[in-house]
Amino acid sequence: MTTMLRFIACGSVDDGKSTLIGRMLYDSKQIYIDQEQALIKDSKQGSRGGDIDFALLLDGLSAEREQGITIDVAYRYFSTDRRSFIVADTPGHEQYTRNMAVGASCADLALILVDAMNGVMVQTKRHSRICSLMGIKHIVLVINKMDLIEYDKGRFEDISQDYLNFASNLGFDSIEVIPVSATDGVNIVEKSLHTSWYKGDSLLKYLEEIDITTQSSTNGFLMPVQRVSRPDSNFRGFQGQIESGSVAVGDEVGVLPGSEKAKIKSIISGFENIDCAIAGQAVNITLDREVDISRGSVLIKNSQPAVADLFTATILWMDDASMIAGRSYFLKIGTKQIAATIIKVKHKVDINSGSKMSADSIIKNEIAVCDIALSEKIVFDKYISNKTLGAFILIDRVSNMTSACGVIEHQLDRSDNITWQKTDITKADRLKQKGQKSLTLWFTGLSGSGKSSLANEVEKKLVAMGKHTMLLDGDNIRHGLSRNLGFKEGDRVENIRRIAEVSKLMNNAGLIVLTAFISPFEKDRQAAKEIIGDDFFEIYLSTPIEECEKRDVKGLYKKARAGVVANFTGVSSPYEEPSNPDITIDTSENNLSTSTSMVVSKILDLIE
Amino acid sequence: MNTVSNNHLGHLEAEAIYILREVAAECAKPVMLYSIGKDSSVMLHLAMKAFYPEKPPFPFMHIDTTWKFREMIEFRDRKASELGIEMLIDTNDKGVADNINPFDHGSAYTDIMKTEALKEALDKYGFNVAFGGARRDEEKSRAKERIFSFRNASHAWDPKNQRPEMWKLFNTRINPNESIRVFPISNWTEKDIWQYIKRENIEIVPLYFAKERPVVERDGNIIMVDDDRFHLNPNEKPEMRKVRFRTLGCYPLTGGCESDAETLDEIISETLTTRSSERTTRVIDHEAASSMEMRKKEGYF
Chain A
-15 MTTMLRFIAC
-5 GSVDDGKSTL
5 IGRMLYDSKQ
15 IYIDQEQALI
25 KDSKQGSRGG
35 DIDFALLLDG
45 LSAEREQGIT
55 IDVAYRYFST
65 DRRSFIVADT
75 PGHEQYTRNM
85 AVGASCADLA
95 LILVDAMNGV
105 MVQTKRHSRI
115 CSLMGIKHIV
125 LVINKMDLIE
135 YDKGRFEDIS
145 QDYLNFASNL
155 GFDSIEVIPV
165 SATDGVNIVE
175 KSLHTSWYKG
185 DSLLKYLEEI
195 DITTQSSTNG
205 FLMPVQRVSR
215 PDSNFRGFQG
225 QIESGSVAVG
235 DEVGVLPGSE
245 KAKIKSIISG
255 FENIDCAIAG
265 QAVNITLDRE
275 VDISRGSVLI
285 KNSQPAVADL
295 FTATILWMDD
305 ASMIAGRSYF
315 LKIGTKQIAA
325 TIIKVKHKVD
335 INSGSKMSAD
345 SIIKNEIAVC
355 DIALSEKIVF
365 DKYISNKTLG
375 AFILIDRVSN
385 MTSACGVIEH
395 QLDRSDNITW
405 QKTDITKADR
415 LKQKGQKSLT
425 LWFTGLSGSG
435 KSSLANEVEK
445 KLVAMGKHTM
455 LLDGDNIRHG
465 LSRNLGFKEG
475 DRVENIRRIA
485 EVSKLMNNAG
495 LIVLTAFISP
505 FEKDRQAAKE
515 IIGDDFFEIY
525 LSTPIEECEK
535 RDVKGLYKKA
545 RAGVVANFTG
555 VSSPYEEPSN
565 PDITIDTSEN
575 NLSTSTSMVV
585 SKILDLIE
Chain B
24 MNTVSNNHLG
34 HLEAEAIYIL
44 REVAAECAKP
54 VMLYSIGKDS
64 SVMLHLAMKA
74 FYPEKPPFPF
84 MHIDTTWKFR
94 EMIEFRDRKA
104 SELGIEMLID
114 TNDKGVADNI
124 NPFDHGSAYT
134 DIMKTEALKE
144 ALDKYGFNVA
154 FGGARRDEEK
164 SRAKERIFSF
174 RNASHAWDPK
184 NQRPEMWKLF
194 NTRINPNESI
204 RVFPISNWTE
214 KDIWQYIKRE
224 NIEIVPLYFA
234 KERPVVERDG
244 NIIMVDDDRF
254 HLNPNEKPEM
264 RKVRFRTLGC
274 YPLTGGCESD
284 AETLDEIISE
294 TLTTRSSERT
304 TRVIDHEAAS
314 SMEMRKKEGY
324 F
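Just so you know, the sequences run in chain order A and B. Each residue of the first sequence is one higher than the last, beginning at -15 in my numbering. Each residue of the second sequence is one higher than the last, beginning at 24 in my numbering.
Derived by calculation from the structure, the hints in this document are not laboratory data. There may be inaccurate statements among the hints.
[As the list claims (entries may be wrong)] Non-contacting residues of chain A with respect to chain B, defined by C-beta distances greater than 12 Å in every case (computed): (1) Tyr59; (2) Thr179; (3) Val291.
[Said to hold, decoys possible] Here are the computed lysine-lysine pairs in the PhoX-like style, where the Cα-Cα straight-line distance is at most 25 Å: (4) B:Lys183 to B:Lys214; (5) B:Lys183 to A:Lys13; (6) A:Lys330 to A:Lys348; (7) A:Lys328 to A:Lys285; (8) A:Lys340 to A:Lys361; (9) A:Lys285 to B:Lys191; (10) A:Lys189 to B:Lys214; (11) B:Lys214 to A:Lys121; (12) A:Lys411 to A:Lys371; (13) A:Lys340 to A:Lys328; (14) A:Lys371 to B:Lys191; (15) A:Lys249 to B:Lys102; (16) A:Lys366 to B:Lys191; (17) A:Lys189 to A:Lys175; (18) A:Lys371 to A:Lys330; (19) A:Lys183 to A:Lys121; (20) A:Lys411 to A:Lys513; (21) B:Lys191 to A:Lys361; (22) B:Lys102 to B:Lys234; (23) A:Lys348 to B:Lys191; (24) A:Lys348 to B:Lys102; (25) A:Lys488 to A:Lys411.
Glycine is no exception: its CB is placed at the ideal position from the N, C-alpha and C atoms.
With the hints as constraints, model all of the structure from the sequences given.
Written out as structure tokens, the structure is:
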């Protein structure tokens, strides 16, 4: 039975990663004849001279071959008598850092290449930090292009020492340094006489022999539930992969979040019932009694991950759109997906020195330490003790892009110290007393589109009908509740969050709330909807900008056009139209009284 | 201790099952594409295993070009009924009406009867996630593709802007009209497939085993004359040769190889020692260095 080693090749641009892997495959006879023929043919077409260009075995995209660079990860599979390998060849350019991180997230070991002519570069350090972040414990520093420095031992030792000094606090268990020449095949598969002073193994031999088993820290049983299987009323199985420990029929397991317990009735693996299952196995478990379990629940025995809604994490930002504190994202961890907000950027990490830099926003390829709040309590753990329950991704709510990946450092305690105080009078009681149902009418649209006027008229009508209401107007809120906020994107996000929370409180008080804010970003309106819940009712005033600008009640368009007011929606800052509003009204086509009737008739059933 | 993680095949199987279940749990309209070959047989087996005792919670679909080996069609129909799974069969009827065939239409045949047929079938049923049995060791643009491969409204792949795929945290969120192709056996090699077929005793189409078959030799490929629609050149005459197939597709486009391997063990030992890749037996693949990538950008698997 062979063991498997997953490793990546990373490092700066043109340090020869693809060439090294190509050479390793070629020299260990892992290339089929037709691939070799294609390689020789393609090498001749290339601009790098007539020699075989081993990188062409890896650079599989036409854009990569055209530009002679690696854009995305390539996976190659090969095996020797001793081990099977999955190698991810990763791009060196800074702009493709996220693709390097993709490879690193699944690797047990990293080859970090350094060009012997250039020594340790910024990208060498960035990639090392990402390897460290991803929990890779074993590093092979491959000093390549030794042929270009005539196999100089002194230079080799200088670079080794440079790197070891840099990497000493990155938490690696082992760092091996090997001198190679990928183009000449020196010390890749066979050791070479060129480096008679080098006493270690060839790269391939080292990879075949290195022991990567980690000291198992007496991990108890843990299985996140992927899916509840109910083929008929007699069978209710919980499908998932055992992430640590083992479990046997008859064992009592706990269900997180929550405090329920049950005994294992049966374990199905494939088509068979088995008595006991271990880490890594995909199973389908049934329990001896009905317990509330759904996707995202975690079955445990002798292990105690955290159950909370706040933690500190180190994240790598991967999206072209930069991170904004306070904005809501989807977070996926294990098999659970929920709403999450980065409430605070504690600091960014300087790639070169590792020092902390203050920041409130993060851009692509930056690493930062943040506090993240979740919309409900979930099961998680520190990444160093549990990779599955300690790693997460953040997903943009609108573009669906995987915006960031992160690892959890530790739980934060707010959630344990602040509990929700139950009160005797509930929202239902307050609604009953007022004889109405609550609702938040969220008016959105450009400045001058008629939000305040319409909200004002609708409120008058509702009050005349005997309803209890409250109108929150953008300008008025900024005189008080949001007095300390400006108009930068981060401040706008916070402004909307405050308004949404206040609206929710007022809905709980039994009131019908009307809000009139430009609220130009879809993400923020979605976040408001998330906070307010079922009471959220979106009214989009689609009045064309030409009309709004003609009205220019407050003279703001004039100022914005003159450049006196910055970040003005519609002029110098975008307005994103709602994708699915509950009602759309163009006030250039409907007069105030028609518009008011349109709104009132639409909400009548919701408030009575 | 014998854990799953130090058992290569066990690890690959668990990874594939995890992916199948993630999609079943998170996605609204998945379908598994079934092409009857050995990789599809492994995929079908994995799907049966992943959900047992439940049946796979998604249908299977075969895009039938009408030019498959006859033994493949018999096998498909028998398997579907034995296992009690829903097998949708879809053909580009317009292509059939226009008599689009592999002899006269070259790469246009693949575009119309495979790529277009697939896109139309996915749109027709509203499937927004399709499992495929592609492996990264097959071809070098596939080696670059994520397990979850996102496609725009016209099913096209954008290789320069792939979503990051971290750990096993698959982001399955898509906008309306977008879709995902999911490849659970991305990390398997041809050797893994054969060893798994043996370990799990998976039934495969008999064409994979060597047998005397009527063939002609064309441009270095050994092509089986499977029915009387075959366009024989004037000087061509089918002869009986002992051949087997490493991959299966449309019979006029699938090259066989001369072999004596009549058992799984013999096939595995041949696979371990062969010096040519299985893609050499696919007539369409060596047209241009990046022909696979171009096809994928057009919506092919």
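Consistency of the hints with the structure:
Non-interface status of Tyr59 of chain A relative to chain B is broken: a Cβ of that chain comes within 12 Å, the nearest being about 5 Å off. Non-interface call for Thr179 of chain A relative to chain B: holds, since the shortest CB-CB distance, roughly 31 Å, exceeds 12 Å. For Val291 of chain A, the condition that its CB be more than 12 Å from all CB atoms of chain B holds, with the nearest at approximately 20 Å. About 30 Å separates the Cα atoms of Lys183 of chain B and Lys214 of chain B, which puts this hinted pair outside 25 Å; it is violated.
For a cut-off of 25 Å, the pair hint linking Lys183 of chain B to Lys13 of chain A is broken: about 30 Å separates their Cα positions. For the proposed pair Lys330 of chain A and Lys348 of chain A, the alpha carbon gap of about 17 Å is at most 25 Å, so the pair holds. At most 25 Å may separate the alpha-carbon atoms for a hinted pair to count; Lys328 of chain A and Lys285 of chain A exceed this at roughly 34 Å. Under the criterion of a C-alpha separation no larger than 25 Å, the hint pairing Lys340 of chain A with Lys361 of chain A is inconsistent with the structure, at around 30 Å.
Between the alpha carbons of Lys285 of chain A and Lys191 of chain B the distance comes to roughly 23 Å, so the proposed pair stays at or under 25 Å and holds. A C-alpha spacing of about 23 Å is found between Lys189 of chain A and Lys214 of chain B, which places the hinted pair at or below 25 Å, so the restraint holds. Of the pairs offered as hints, the one joining Lys214 of chain B and Lys121 of chain A is violated, with about 30 Å between alpha carbons and a cut-off of 25 Å exceeded. Under the criterion of a C-alpha separation no larger than 25 Å, the hint pairing Lys411 of chain A with Lys371 of chain A is inconsistent with the structure, at around 41 Å.
Among the hinted pairs, Lys340 of chain A with Lys328 of chain A is consistent with the structure: their alpha-carbon atoms are about 15 Å apart, no more than 25 Å. Between the alpha carbons of Lys371 of chain A and Lys191 of chain B the distance comes to roughly 10 Å, so the proposed pair stays at or under 25 Å and holds. Note on Lys249 of chain A and Lys102 of chain B: the hinted pairing is violated, with a Cα-Cα distance of about 32 Å set against a maximum of 25 Å. Distance check on the hinted pair: Lys366 of chain A and Lys191 of chain B sit about 17 Å apart at the alpha-carbon level, within 25 Å; holds.
Restraint check for Lys189 of chain A and Lys175 of chain A: satisfied, since their Cα atoms lie roughly 10 Å apart, inside the 25 Å limit. For the hint pairing Lys371 of chain A with Lys330 of chain A, the CA-to-CA distance comes to about 23 Å; that is within 25 Å, so the pair holds. Proximity of Lys183 of chain A to Lys121 of chain A is assessed by CA-CA distance (about 23 Å); at most 25 Å being required, the pair is judged to hold. At most 25 Å may separate the alpha-carbon atoms for a hinted pair to count; Lys411 of chain A and Lys513 of chain A meet this at roughly 18 Å.
Distance restraint check for Lys191 of chain B and Lys361 of chain A: the Cα-Cα separation of roughly 22 Å lies within the 25 Å cut-off, and the hinted pair is therefore satisfied. Annotation: proposed proximity of Lys102 of chain B to Lys234 of chain B holds, straight-line Cα distance about 22 Å (limit 25 Å). Under the criterion of a C-alpha separation no larger than 25 Å, the hint pairing Lys348 of chain A with Lys191 of chain B is consistent with the structure, at around 22 Å. Proximity of Lys348 of chain A to Lys102 of chain B is assessed by CA-CA distance (about 49 Å); at most 25 Å being required, the pair is judged violated.
Using a Cα cut-off of 25 Å, the hinted pair Lys488 of chain A and Lys411 of chain A holds, with the two alpha carbons roughly 11 Å apart.
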